[in-house]
Amino acid sequence: MIDIHSHILPGIDDGAADIDASVVLIRELSDNGVTDVIATPHYVDETNYVSNVAANTKLIKKLRTRLKKEKINIELHLGNEIYICPKILKLLADGEITALGASKYLLVELPMSGEYPGYMDAFMELQRAGYKVILAHPERYTAFFKDFDSIRELYDMGVLLQCNLGSFIGHYGKQPKKLVEKLAKNDMIFAVASDIHHPRGSKFMPAVMKRLSKFYGTFELEDILEKNPKKILA
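Every letter in the sequence shown is one number past the one before it in this note's numbering, and letter 202, counting from 1, is 210.
In short, the hints are calculated from the structure, not lab data.
Glycine included, every Cβ here is placed at the ideal spot set by N, Cα and C.
If a hint is listed, it holds; no wrong ones were tucked in.
Derived pair list, reagent style BS3-like, types lysine-lysine, alpha-carbon separation capped at 30 Å: (1) K95 <-> K239; (2) K140 <-> K95; (3) K98 <-> K66; (4) K77 <-> K211; (5) K193 <-> K235.
What follows is a set of in silico ranges between Cβ atoms, one per label pair, in the way DEER data are often shown: (6) D195 <-> K154: 18 to 24 Å; (7) M128 <-> R74: 40 to 46 Å; (8) K193 <-> M128: 20 to 26 Å.
Sequences and hints are given; from them, build the entire structure.
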């Protein structure tokens, strides 16, 4: 599996608190078959979550050195989970934020309500600039619980959907579980990812994979776990 959404960098957002916590998270991912993971620290303009690309690059280099010592065989790549704002293109140009793994794919997050004025215009602006927008965990936005047409409209305009593994087993509640299942049944999910912030334990991935097998055959499952994420790294 290639994990395109994670919070493994130490001490810069609500994920790993320090490098020891980073190692715990990455070891768990590796033990569950993850070969590559993209670190996607939150970037929320005008908040404390504004660690820039230069700082994040230093952290990921330090983390790679530690993983080598720990003999954890996993490839790390850098990205961001970008909270939607009017300045995304400027932040990219200024080197404050980055696309996923040096690609043209951007992982963008909406407010948890799912409400943001003109988000479709914002996505179209990014697409016109040559970026491919991936919407982080659409199944978690409350505005979409009873408005599937809004997600369909985004999907039809080329926005890619990344859903969280935990949503399939009710990790975020009943409504996200119901919505992610509908997205799976409609074959609208581009990739699933851990969005890992804290350790999940040994039973998490087996439970998720068992649930995913109810919606996807072997080849379809490979698409959302590996083939589509590999397009980003390529």
